[in-house]
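K.L.:
Chain residues, written in single-letter form:
Protein chains: 2
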Amino acid sequence: MEDILVQVLQRITPSEEERTFVEELTKELRGIAESVIEEAGLSVIPRFVGSLAKDTYLAGDHDVDLFLAFPLETPIEELRREGLKLGEEIGKRLDGYEVAYAEHPYVRARYRGVSVDLVPCYDVRSWRDVRTAVDRSILHTRWVNDNLNGRNNEVRLLKRFLKGIGAYGSEIYVRGFSGYLAEILTIEYGSFVEVLNQAGRILKRRVLDPAGWTEKEPAVAMKTVKREVREDKPLIVIDPVDPRRNVSANLSWEKYGAFYLRSREFLERPAVRFFFPQGKSIGSYLEELRKRGTALVTLLFDVQDIVDDLLLPQLERSARGFEKALGREGFEVLGWNVGRRGRAFIMLELNRAERERIRLKPGPEFFKESGQEFYGKNEKVWIVGKRLYSERTISESVIDVVSELLRKNQVALGKGIRDAVRRADVLLNYVPKELEDEAYLLLSREKWNLKG
Amino acid sequence: MEDILVQVLQRITPSEEERTFVEELTKELRGIAESVIEEAGLSVIPRFVGSLAKDTYLAGDHDVDLFLAFPLETPIEELRREGLKLGEEIGKRLDGYEVAYAEHPYVRARYRGVSVDLVPCYDVRSWRDVRTAVDRSILHTRWVNDNLNGRNNEVRLLKRFLKGIGAYGSEIYVRGFSGYLAEILTIEYGSFVEVLNQAGRILKRRVLDPAGWTEKEPAVAMKTVKREVREDKPLIVIDPVDPRRNVSANLSWEKYGAFYLRSREFLERPAVRFFFPQGKSIGSYLEELRKRGTALVTLLFDVQDIVDDLLLPQLERSARGFEKALGREGFEVLGWNVGRRGRAFIMLELNRAERERIRLKPGPEFFKESGQEFYGKNEKVWIVGKRLYSERTISESVIDVVSELLRKNQVALGKGIRDAVRRADVLLNYVPKELEDEAYLLLSREKWNLKG
Chain B
0 MEDILVQVLQ
10 RITPSEEERT
20 FVEELTKELR
30 GIAESVIEEA
40 GLSVIPRFVG
50 SLAKDTYLAG
60 DHDVDLFLAF
70 PLETPIEELR
80 REGLKLGEEI
90 GKRLDGYEVA
100 YAEHPYVRAR
110 YRGVSVDLVP
120 CYDVRSWRDV
130 RTAVDRSILH
140 TRWVNDNLNG
150 RNNEVRLLKR
160 FLKGIGAYGS
170 EIYVRGFSGY
180 LAEILTIEYG
190 SFVEVLNQAG
200 RILKRRVLDP
210 AGWTEKEPAV
220 AMKTVKREVR
230 EDKPLIVIDP
240 VDPRRNVSAN
250 LSWEKYGAFY
260 LRSREFLERP
270 AVRFFFPQGK
280 SIGSYLEELR
290 KRGTALVTLL
300 FDVQDIVDDL
310 LLPQLERSAR
320 GFEKALGREG
330 FEVLGWNVGR
340 RGRAFIMLEL
350 NRAERERIRL
360 KPGPEFFKES
370 GQEFYGKNEK
380 VWIVGKRLYS
390 ERTISESVID
400 VVSELLRKNQ
410 VALGKGIRDA
420 VRRADVLLNY
430 VPKELEDEAY
440 LLLSREKWNL
450 KG
Chain H
0 MEDILVQVLQ
10 RITPSEEERT
20 FVEELTKELR
30 GIAESVIEEA
40 GLSVIPRFVG
50 SLAKDTYLAG
60 DHDVDLFLAF
70 PLETPIEELR
80 REGLKLGEEI
90 GKRLDGYEVA
100 YAEHPYVRAR
110 YRGVSVDLVP
120 CYDVRSWRDV
130 RTAVDRSILH
140 TRWVNDNLNG
150 RNNEVRLLKR
160 FLKGIGAYGS
170 EIYVRGFSGY
180 LAEILTIEYG
190 SFVEVLNQAG
200 RILKRRVLDP
210 AGWTEKEPAV
220 AMKTVKREVR
230 EDKPLIVIDP
240 VDPRRNVSAN
250 LSWEKYGAFY
260 LRSREFLERP
270 AVRFFFPQGK
280 SIGSYLEELR
290 KRGTALVTLL
300 FDVQDIVDDL
310 LLPQLERSAR
320 GFEKALGREG
330 FEVLGWNVGR
340 RGRAFIMLEL
350 NRAERERIRL
360 KPGPEFFKES
370 GQEFYGKNEK
380 VWIVGKRLYS
390 ERTISESVID
400 VVSELLRKNQ
410 VALGKGIRDA
420 VRRADVLLNY
430 VPKELEDEAY
440 LLLSREKWNL
450 KG
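From first to last, the protein sequence lines are chains B and H.
Here numbering that gives the first Met the number 0 is used: the first residue of the first sequence is 0, the next is one more, and so on.
Here numbering that gives the first Met the number 0 is used: the first residue of the second sequence is 0, the next is one more, and so on.
A portion of the hints provided could be inaccurate.
When chains are identical, the list treats them as one kind, so a pair holds in a single copy or across two.
Said to hold, decoys possible - Pairs of lysine-lysine residues, derived as DSSO-like cross-links and limited to a Cα-Cα distance of at most 27 Å, are as follows: (1) K414 - K225; (2) K379 - K225; (3) K26 - K290; (4) K450 - K360; (5) K91 - K446; (6) K446 - K279; (7) K360 - K323; (8) K84 - K432.
Hints were generated in silico from the structure; no laboratory data involved.
As the structure is a computational prediction, the values presented were derived from the model and not from experiment.
Construct the complete structure from the given sequences, taking the supplied hints into account.
P.N.:
Rendered as structure tokens:
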């Protein structure tokens, strides 16, 4: 075990060279920011936050988060306006920038090959001051720095392990562990290995309260716990800097499950591959299709104006819509995969590509005038009860069924992409080059296979 | 038209030779019966009934119905006992006999190559005397002979036409027109062609009352009409000899429909083939299967001890049971056929022979002890919510599904054949030689095709 961790640390701990670079970079950025702030006559304090400021970044992964902390008394509109202006002024002195949008607009710049986010916020001292979603970052950085006590490399190991097993990142389309959560767990349990050791017990305990909020602010803390229990979150970590918040609110059962199972596995048989898995070896999706005897339907459509955070939940909703609608039509959806590769895609694995070829064709009652016509027109006619029947041979492709369902508006689709999906190209048992790996990962289930 | 009818009559009117033979036969049988009755010291009257007695039999089709009419005061047990004994005594003087069972036992004998049924009954004079199901035959014969007025050949044409279109016979597995019904219709409308002309109007009128029971016995007649309307019978013909009975009680909509459609067709373009259709040309059922892309499942089983009248409805019920049960399992039954060729058979045409090959395999929740086992045992494992999943590749044949359904008792089967069906041989896309024609007729739909 010791050996493995040493090997991994060699790869993830920043070198002296990198540290020096980061320190210089930080100093320069602070200088630039301070002079721009002075020129603007603002009383804003530039504060570095995130893994760089906490020294928990992984080697080679040193994007900068520079927050522009406005006095608490600044009106929110002024903060928005002046914050953006300030960010742009700073950005102009760097190597290029663009405006990005979250709860508030901010500036994403580049400097010396590094991405630098310039984010306006309030200079909060406690959770009671928090007014915008980003304000807590300053408190998080401070709390981690006050409590980590040199266990920075333990955090690095945990973060790399979580990345390796695909459970890192709190984005809505990952729903894994955030960096801050990894830091809290390390502080709470003292080391990377101990966090893994506790994977089962953490789940049983369910509630973690590193800052003792349940004693200091019992009412607020209990409200948080109750809310999160009601929503069946796998884990409730009361934010050390804000008793109203569950740090692991976005953590899914799936990602905790992966952490749980792979932790046990790692502790039994430690290996570097848990931290640095070999890329899933991509095979031929056509070969998989043949072996499985299933059918692959892919919808491809343009969604240029939607960011991934919004797009992916909509794609998932739409995939589930197809699953239901096709089920009603006699096609079983065995699995699906969604994403964006330039165009957005929804891939569906189905039990078959065609519906039965013979369809009963009910006619009118034999004594009706139209019965004569039916009798005359059809080659084979018989009666069941009073009604005439014939049959027709149809070979209905799932592609036609999908088009028909979309035309008739019978698929529950994500709202923001409804029109785009209706105009989608629909492919059967074939995907363009750039989707071949996704098709393989879906069909082979390697996309989700924990034992990849 | 005239031409056609003449041609047909030449084939269906008994020749002088046949008539002479029948008359001699009848005389001899009466003589034998009378002497046996005399020897037994019984006051029983032998009465010929059926198409022979009414002179409405088709050439070559001259089976004898000789009823042994007991006085009304005979107790029912005595009639059963003495009737059977009498039949057997008569049978002994003929060319062999066996005892058969309907409501009461009777004797089926052979004499000079002709089948002779010796049936005990009461010598009824009116419907109020009727005590057993067969008693009415004497009244029917009398009524027809009193009313036919020489239109015997018209009846022959109608019977042959009904045979030709597959709508003759009131047996439960035919549900067509009885001979008596053909006679009544001929009497009512005067001629074969006129009956056909009225096919639409008869259906609209719905109720026929040739003997005027609705005036003579309004309460009884109306009760009959109401009952039969409630049961949605296509036609209600109040029996001229018994206002309680609908002569066409067993006539199905399907057979009336065939009569209706083919009558119109015949009147437009008369042809001998309506009376003497060419045997359906039997093609290769394997070729049909290939063309249709469907699957044929055949169940074969022994049912030696059940007569057709009872067996066929049970087979039909069972086929419908399979239709439902297989539908729940994802197989669509497109058509079925049942019958007996030595062994009983149920044939099902299905949209496919196999179910999808991939099955989701849900496991326990990941944090359960058994979750570890599931994780260890399966090659691919992923999590949905808290639950572990894997998948297995199965290629489940409909044969296995049928066996499983029978094993789990999940098919609604005809009661009398339940155990036999459970022990059935189940064949896929293959039938033994003796069933090849039935398989073809099912798959090609020629079995029911009115335009055969």
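K.L.:
With reference to the structure, classify each hint as holding or not holding.
P.N.:
Structure-based check of all given hints:
no. : hint        : in the structure
1   : K414 - K225 : neither (31 Å within a copy, 58 Å between copies)
2   : K379 - K225 : neither (67 Å within a copy, 36 Å between copies)
3   : K26 - K290  : neither (58 Å within a copy, 79 Å between copies)
4   : K450 - K360 : between (50 Å within a copy, 16 Å between copies)
5   : K91 - K446  : neither (42 Å within a copy, 85 Å between copies)
6   : K446 - K279 : within (8 Å within a copy, 57 Å between copies)
7   : K360 - K323 : both (26 Å within a copy, 19 Å between copies)
8   : K84 - K432  : neither (43 Å within a copy, 90 Å between copies)
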